[in-house]
Amino acid sequence: MKKRCFALLLALALLLTGCSPLFDLYSAARGEYTRPDYSDGAISYREFQRPYQPRVKYTAEPDIEYVRPDVDGLCSTLKSIGASSTGGKAAAADIINQFDAAYDDYVLFNTMGELAYLRYTRDLSDSYYEAEYTWCTDQTTRVEKAMEDCYTTMAKSSLRSALEEQYFGEDFFASYDSDGVYSDARTVALLQQESELQAQYVALQNDPSIEWNGSTRSVSELLENAVTADLYYEVLGAYYDAYGAQAGEIYIKLIQTRRELAGRLGYGSYADYAYDALYYRDYTPAQAERYVERVRTELAPVYTEAAEPMQLSALSADETMQHLHEAADTLGGEVQTAMGFLDAYELYDITSSANKMPGSYTTYLESYEMPYIYISPEGTLADLLTAAHEYGHFVDGYVNCNQTFSIDCSEVFSQALEYLTLGSTSLGFARAAELRQYKLYDSLETFLTQACYYAFECKAYALPDSELTVGKLNELFAECCVDFGLFDEASAEQAARSWIDVQHFFSAPYYVISYCVSNDAALQIYQLEQETPGAGLKAFSDLLYAAPESTFLAMLQDGSLTSPFDENRMQELAAYFKEAL
Numbered sequence: 004m005k006k007r008c009f010a011l012l013l014a015l016a017l018l019l020t021g022c023s024p025l026f027d028l029y030s031a032a033r034g035e036y037t038r039p040d041y042s043d044g045a046i047s048y049r050e051f052q053r054p055y056q057p058r059v060k061y062t063a064e065p066d067i068e069y070v071r072p073d074v075d076g077l078c079s080t081l082k083s084i085g086a087s088s089t090g091g092k093a094a095a096a097d098i099i100n101q102f103d104a105a106y107d108d109y110v111l112f113n114t115m116g117e118l119a120y121l122r123y124t125r126d127l128s129d130s131y132y133e134a135e136y137t138w139c140t141d142q143t144t145r146v147e148k149a150m151e152d153c154y155t156t157m158a159k160s161s162l163r164s165a166l167e168e169q170y171f172g173e174d175f176f177a178s179y180d181s182d183g184v185y186s187d188a189r190t191v192a193l194l195q196q197e198s199e200l201q202a203q204y205v206a207l208q209n210d211p212s213i214e215w216n217g218s219t220r221s222v223s224e225l226l227e228n229a230v231t232a233d234l235y236y237e238v239l240g241a242y243y244d245a246y247g248a249q250a251g252e253i254y255i256k257l258i259q260t261r262r263e264l265a266g267r268l269g270y271g272s273y274a275d276y277a278y279d280a281l282y283y284r285d286y287t288p289a290q291a292e293r294y295v296e297r298v299r300t301e302l303a304p305v306y307t308e309a310a311e312p313m314q315l316s317a318l319s320a321d322e323t324m325q326h327l328h329e330a331a332d333t334l335g336g337e338v339q340t341a342m343g344f345l346d347a348y349e350l351y352d353i354t355s356s357a358n359k360m361p362g363s364y365t366t367y368l369e370s371y372e373m374p375y376i377y378i379s380p381e382g383t384l385a386d387l388l389t390a391a392h393e394y395g396h397f398v399d400g401y402v403n404c405n406q407t408f409s410i411d412c413s414e415v416f417s418q419a420l421e422y423l424t425l426g427s428t429s430l431g432f433a434r435a436a437e438l439r440q441y442k443l444y445d446s447l448e449t450f451l452t453q454a455c456y457y458a459f460e461c462k463a464y465a466l467p468d469s470e471l472t473v474g475k476l477n478e479l480f481a482e483c484c485v486d487f488g489l490f491d492e493a494s495a496e497q498a499a500r501s502w503i504d505v506q507h508f509f510s511a512p513y514y515v516i517s518y519c520v521s522n523d524a525a526l527q528i529y530q531l532e533q534e535t536p537g538a539g540l541k542a543f544s545d546l547l548y549a550a551p552e553s554t555f556l557a558m559l560q561d562g563s564l565t566s567p568f569d570e571n572r573m574q575e576l577a578a579y580f581k582e583a584l
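The number in the working numbering is simply the position in the sequence shown, starting from 1, with 3 added.
It should be emphasised that the hints constitute simulated quantities derived from the structure, not laboratory data. Please note: incorrect hints may appear among the correct ones.
With a Cα cut of at most 30 Å, we get these calculated BS3-like pairs of lysine-lysine [said to hold, decoys possible]:
(1) K256 / K462
(2) K82 / K148
(3) K359 / K60
(4) K159 / K82
All figures in this text were calculated on a predicted structure; none of them were measured in a lab.
Using the sequences and the accompanying hints, generate a full structural model.
Here you go:
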């Protein structure tokens with residue numbers, strides 16, 4: 004078995020683990036929405052009718068002023084609204100007016116929290132935004148409890164039916180008839196503990212440094228300047244010596260916290276909780292485990308035999324964005340329209356800085372109804388795929404105003420746009436062929452790495468507390484890397500500690516399976532495009548409008564795509580990759 008490059012695996016981990024889930028807890032209906040007609044050509048973002056209008060007027064991101072939200076005032080107002088709804092004197096219309104104003108403040112709280120996170124990750128040395136991000140994180144549980152208490156009180160009031168009929172929608176309060184998530188003090192404490200642990204992990208990523216030849220040096224700088232493979236791995240070893248135990252202990256505490264949290268909320272496992280409450284999935288953990296096993300048996304042998312792509316050509320950040328613009332213009336439709344919006348309000352950051360958090364993600368500034376793309380570039384052609392991936396999230400966020408609740412649906416658009424970008428730029432024949440070969444190899448590697456990560460998570464969460472140690476986690480990760488063909492046994496020791504760099508283990512547990520199943524759907528869109536030019540793009544556009552409030556398998560069925568869980572699908576994928584690579 005050929006030895007896989009550890010640096011490539013680490014880079015892939017950082018590349019694929021930064022996407023933020025695009026969630027909106029609740030939005031009142033704001034009128035009918037008509038799908039735009041592109042039959043006469045391009046539509047400017049100024050003409051495009053979005054389903055929701057911003058609470059605060061569209062503003063270029065650099066011009067948005069961060070203001071610490073008035074949490075005391077918001078919580079007090081929500082409590083007062085709940086009390087008024089049971090007083091017998093207030094009319095439903097009065098309660099609705101009060102709540103609508105309070106909800107604007109609630110959304111602003113979430114928006115300011117996202118803005119603080121965005122600006123902190125752009126410069127991890129910025130102590131002001133670090134403090135504001137931490138403060139917003141600490142206040143989240145308090146705000147959510149106040150909102151839940153308000154809903155619960157209204158659910159018990161005589162105005163319940165009128166409030167649902169006039170504002171909230173049919174059966175909105177049904178989920179508030181029993182005790183809420185925040186009614187139990189221990190549950191609240193566990194949620195706060197989880198947030199604190201996640202913040203500790205983010206802080207640990209703040210330009211890690213090690214003692215090197217008698218001085219303190221930046222790990223990223225040392226890796227960039229490593230002139231030999233031996234020196235590169237020596238630096239990595241020193242990094243894991245310095246940070247592995249710290250990150251590992253944070254993860255152990257997260258697992259323990261999350262397992263207790265799931266139990267208190269009535270779930271048999273944390274996986275059951277995550278699938279139901281976090282990711283809006285219409286398949287089960289058991290299905291996912293069987294799927295991952297098929298990835299291991301069917302795709303790992305193909306990956307072992309596949310020829311690795313050559314080193315990628317250099318590509319600057321400016322060139323990356325230029326080619327992304329070309330792809331948007333070539334693809335047209337919503338992809339082109341959203342690019343005009345991105346440019347008009349400066350909704351991306353692809354600058355290079357040692358102080359930036361590694362990876363990439365897309366977030367949503369809901370008060371302004373604006374998606375935002377964050378990228379830490381590598382300076383190669385791979386940045387174009389990263390940019391296309393995040394721009395796929397951006398297009399979905401723009402078209403649907405953040406109403407695609409399913410993580411799996413959301414990831415279809417990000418990965419599909421990577422494929423659709425391949426033939427839509429002026430890279431030239433040689434670089435276009437290079438990028439296509441890299442993308443297909445990367446696609447196969449995505450199945451294997453993310454399935455490997457998922458298998459590791461399942462094993463980690465299944466460990467009893469007595470065996471939950473950093474050493475055992477390292478051992479499990481090495482075993483998974485060998486099982487999925489990423490390393491042979493001789494080189495697996497190199498990878499054993501690299502799991503601490505996979506951000507989703509800390510920030511979004513049980514997320515990574517989404518990359519596998521959505522990549523399958525995205526590849527089907529690409530295959531449609533290859534067979535009939537324009538067919539894949541049409542499928543992409545049609546799915547965009549099917550996604551809001553849909554579930555993954557339901558959306559695929561609407562788009563006449565094959566379920567990743569179909570018994571024959573993995574064999575079809577193996578045959579495709581054998582031929583392509």
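Hint by hint, here is what the structure shows:
1. As the CA atoms of K256 and K462 are separated by approximately 16 Å, the hinted pair is consistent with the 30 Å bound.
2. The hinted pair formed by K82 and K148 meets the criterion: a straight-line CA distance of about 10 Å does not exceed 30 Å.
3. With a CA separation close to 28 Å, the supplied pair K359 and K60 stays within the 30 Å bound.
4. Taken as a hint, the K159 and K82 pair is honoured in the structure, with Cα atoms around 14 Å apart against an allowance of 30 Å.
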